[in-house]
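So the chains spell out like this:
Protein chains: 2
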Amino acid sequence: MKELQYLEIISKTLDDSSLLGNDCAFLQDFNLFITQDTLAEGVHFNLNTTTPYQLGQKAVNVNLSDLAAALAKPLYITVSLSLPSGIDSNFIQDFYKGINKSCEQYGITVAGGDLTGAEKKLVISICAIGKKVFDIDVSRHFSKPGDVIVTTGSHGDSAAGLKLLTQDVYKPEYLINRHLIPYPRLLQSTILAQILQKYDIKQLSIMDTSDGLGDAVFKLSKCSGFEFEIDYDSLPVSDDIKRLFPFEYKDMALWGGEDFELLFTVPEKIYNKLDKDKFIRIGNVSDKPFSETNKIYLEYKDKVFKHFEEA
Amino acid sequence: MKELQYLEIISKTLDDSSLLGNDCAFLQDFNLFITQDTLAEGVHFNLNTTTPYQLGQKAVNVNLSDLAAALAKPLYITVSLSLPSGIDSNFIQDFYKGINKSCEQYGITVAGGDLTGAEKKLVISICAIGKKVFDIDVSRHFSKPGDVIVTTGSHGDSAAGLKLLTQDVYKPEYLINRHLIPYPRLLQSTILAQILQKYDIKQLSIMDTSDGLGDAVFKLSKCSGFEFEIDYDSLPVSDDIKRLFPFEYKDMALWGGEDFELLFTVPEKIYNKLDKDKFIRIGNVSDKPFSETNKIYLEYKDKVFKHFEEA
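If you're matching them up, the sequences are chains A and B in order. Each residue of the first sequence is one higher than the one before, counting from 11 in my numbering. Each residue of the second sequence is one higher than the one before, counting from 11 in my numbering.
None of these hints come from the bench; they were simulated from the model. The C-beta atom is built at its ideal place from N, Cα and C for all residues, glycine as well. Any given hint could turn out to be false.
Straight line, CA to CA, 25 Å or less: simulated PhoX-like cross-link-like pairs of lysine-lysine [claimed, not checked]: (1) Lys130(B) - Lys313(A); (2) Lys130(A) - Lys173(B); (3) Lys279(B) - Lys212(B); (4) Lys141(B) - Lys141(A); (5) Lys22(B) - Lys111(A); (6) Lys142(A) - Lys142(B); (7) Lys130(B) - Lys107(B); (8) Lys111(B) - Lys22(A); (9) Lys141(A) - Lys12(B); (10) Lys279(B) - Lys107(A); (11) Lys298(B) - Lys252(B); (12) Lys12(A) - Lys313(B); (13) Lys12(B) - Lys130(A); (14) Lys141(B) - Lys83(A); (15) Lys298(B) - Lys279(B); (16) Lys130(B) - Lys141(A); (17) Lys107(A) - Lys83(A); (18) Lys130(A) - Lys298(B); (19) Lys142(B) - Lys83(A); (20) Lys107(A) - Lys283(B); (21) Lys83(B) - Lys142(A); (22) Lys107(B) - Lys22(A); (23) Lys130(B) - Lys173(A); (24) Lys311(B) - Lys173(B); (25) Lys154(B) - Lys12(A); (26) Lys130(A) - Lys130(B); (27) Lys142(A) - Lys311(B).
Here are the in silico distance ranges between beta carbons for each label pair [said to hold, decoys possible]: (28) Asp147(A) - Lys286(B): 47 to 55 Å; (29) Glu183(B) - Asp312(A): 44 to 52 Å; (30) Glu183(A) - Gly117(B): 27 to 35 Å; (31) Gly117(B) - Gly96(A): 35 to 43 Å; (32) Glu183(A) - Glu114(B): 46 to 54 Å; (33) Leu57(A) - Asn187(B): 53 to 61 Å; (34) Gln177(B) - Asp147(A): 53 to 61 Å; (35) Gly117(B) - Leu17(A): 21 to 29 Å.
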């Protein structure tokens, strides 16, 4: 639970913490969203299991996932690299080919950055800037009783992919790729926003599942103040994972993290307009108040923030 | 010379590298400057010699120095921390008190950020956003023959402060503070911009001296294509350094780095309008073309990028 503790300390310490608390900050005067994510070697990636080309793409895409969760249109990134002495020119070139690939794919530009040394481990920090294009407020506290809880794809793939990478077994490429190169759900985000706009809905509870589906369910539920009733049997999980990890797949789906799907809640009438293949219903927002004794909360206390505990 | 090699590789690899090459990127559509700087433990700071409160201020201020070099007005920062397991709540609180102190001092807001784990070492990456308020293009290639070369303060203080920190000797507090909490030259930047505006000058060669005064002289000279004639005896160096480091102070002043002053060139008539206490003349731009055999270039090859070599 260190992350939440730390965030509380940060909010209390700053004179103005009004812009904190979402995946992106919204700069109202400029109609821009800004987000920053850092990937640290040994925590978020391992140079034995990723190529620099894949790493470059992942480093960009995880930031674009935050912009997708803001219904924003990505425009620019800045890239800051802290390089230990073992990194060479080939690495830099392949890493930036990966950056370039994602920039082409999503129509964005590298606006700047920073190159410095690092004592031991490679650290990549990317800042992404996107434009607000829809007149819809996004936050984590807009879920209402009766809303349908929706996600955009299967969960647990990335955790399974990571596990398989380090084992000498048959590795379905799909799972490995889901871990090495996550794709931001920008298309789904745009489709959703267009439908909301059509029905004049101006508020949306949404975030990405970068820290786990369970983490996202917990946070939207806690921020909105209502219990989320999850149909655990309906969670989208790949067949391969069920087969390869029959005892762990439910845990992987909820708490594995790094799937970079979206989680949001919408009224039933909006959900009915969405393509059921791309947007998967996993439960409903109940009218019971969020309680510290519900299942997700108890599991959350146990599992989350692996990053900190393991570091 | 690895930094320059890497920057060349990056420029060549990206389809669009048009926004790279200055301290800040300018996002024309939004009239905003953006910059990102990373501080890595063991390279840019050492937790034995800085308090978290000082470190928080330094991490913000080095970014604001880039905005000062863009004549921009700072507005927002995002803060990304990669925390190894040794860091505790007190550290976080004191670090953010430092962040808050700089935010108050310069009227900016923390707009977001990211907390993750790190395997070994603390890494801080801050992204700063500022508004363009003057109709003046800033870059590194606008220096013209006859321009006066100007800097905003003494050099070598930070390097001397760092050296003294690790020695059991008398430590002038001023030098230590110059290393631990550099101040961005935002006031000087505004004064300069107002004078340029008054005389309808629309282009300025400028950068900060974060990587050393010699580095800044080299870069403005190379980018502009003219040799910079530096009056080495006129370099502003604190008396304390001359006394404490009689054999090294010249080297510290040129190549020590982290002084976070500004270096720029302006026509003589503009220089005459500036307060000579705040703006120190250190030479003139000559009409000789920049040559790979000049003194600064040869020293540059030797000295710069200590960050990389030592990492």
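Checked hints:
1. Lys130(B) - Lys313(A): 22 Å, holds
2. Lys130(A) - Lys173(B): 22 Å, holds
3. Lys279(B) - Lys212(B): 15 Å, holds
4. Lys141(B) - Lys141(A): Holds, because 16 Å separates the two Cα atoms, which is no more than 25 Å.
5. Lys22(B) - Lys111(A): Cα-Cα ~14 Å, so holds.
6. Lys142(A) - Lys142(B): Within the cut-off at roughly 21 Å; holds.
7. Lys130(B) - Lys107(B): Within the cut-off at roughly 24 Å; holds.
8. Lys111(B) - Lys22(A): Status holds; Cα separation ~14 Å.
9. Lys141(A) - Lys12(B): With Cα atoms ~35 Å apart, Lys141(A) and Lys12(B) exceed 25 Å; violated.
10. Lys279(B) - Lys107(A): 47 Å, violated
11. Lys298(B) - Lys252(B): Roughly 32 Å separates the two Cα atoms, so the pair is violated.
12. Lys12(A) - Lys313(B): 42 Å, violated
13. Lys12(B) - Lys130(A): Holds, at about 18 Å.
14. Lys141(B) - Lys83(A): 21 Å, holds
15. Lys298(B) - Lys279(B): Holds - the C-alpha atoms of Lys279(B) and Lys298(B) are around 21 Å apart, at most 25 Å.
16. Lys130(B) - Lys141(A): 36 Å, violated
17. Lys107(A) - Lys83(A): Roughly 22 Å between the alpha carbons, so the hint for Lys107(A) and Lys83(A) holds.
18. Lys130(A) - Lys298(B): The hint is violated at about 43 Å.
19. Lys142(B) - Lys83(A): 23 Å, holds
20. Lys107(A) - Lys283(B): 48 Å, violated
21. Lys83(B) - Lys142(A): With a Cα-Cα distance of about 23 Å, the restraint between Lys83(B) and Lys142(A) holds, given a limit of 25 Å.
22. Lys107(B) - Lys22(A): 10 Å, holds
23. Lys130(B) - Lys173(A): With Cα atoms ~22 Å apart, Lys130(B) and Lys173(A) stay inside 25 Å; holds.
24. Lys311(B) - Lys173(B): Holds, at about 23 Å.
25. Lys154(B) - Lys12(A): 55 Å, violated
26. Lys130(A) - Lys130(B): At roughly 7 Å apart (the allowed maximum being 25 Å), Lys130(B) and Lys130(A) satisfy the hint.
27. Lys142(A) - Lys311(B): Violated. Lys142(A) to Lys311(B) sits at ~45 Å, over the 25 Å cutoff.
28. Asp147(A) - Lys286(B): 47 to 55 Å: With a Cβ separation near 53 Å, Asp147(A) and Lys286(B) satisfy 47 to 55 Å, so the hint holds.
29. Glu183(B) - Asp312(A): 44 to 52 Å: 49 Å, holds
30. Glu183(A) - Gly117(B): 27 to 35 Å: Violated - the Cβ-Cβ distance for Glu183(A) and Gly117(B), about 51 Å, lies outside 27 to 35 Å.
31. Gly117(B) - Gly96(A): 35 to 43 Å: The hinted range 35 to 43 Å holds for Gly117(B) and Gly96(A), with Cβ atoms some 42 Å apart.
32. Glu183(A) - Glu114(B): 46 to 54 Å: About 52 Å separates the Cβ atoms of Glu183(A) and Glu114(B), which means 46 to 54 Å holds.
33. Leu57(A) - Asn187(B): 53 to 61 Å: 39 Å, violated
34. Gln177(B) - Asp147(A): 53 to 61 Å: 56 Å, holds
35. Gly117(B) - Leu17(A): 21 to 29 Å: The hinted range 21 to 29 Å holds for Gly117(B) and Leu17(A), with Cβ atoms some 24 Å apart.
The structure shown violates the earlier hints numbered 9, 10, 11, 12, 16, 18, 20, 25, 27, 30 and 33.
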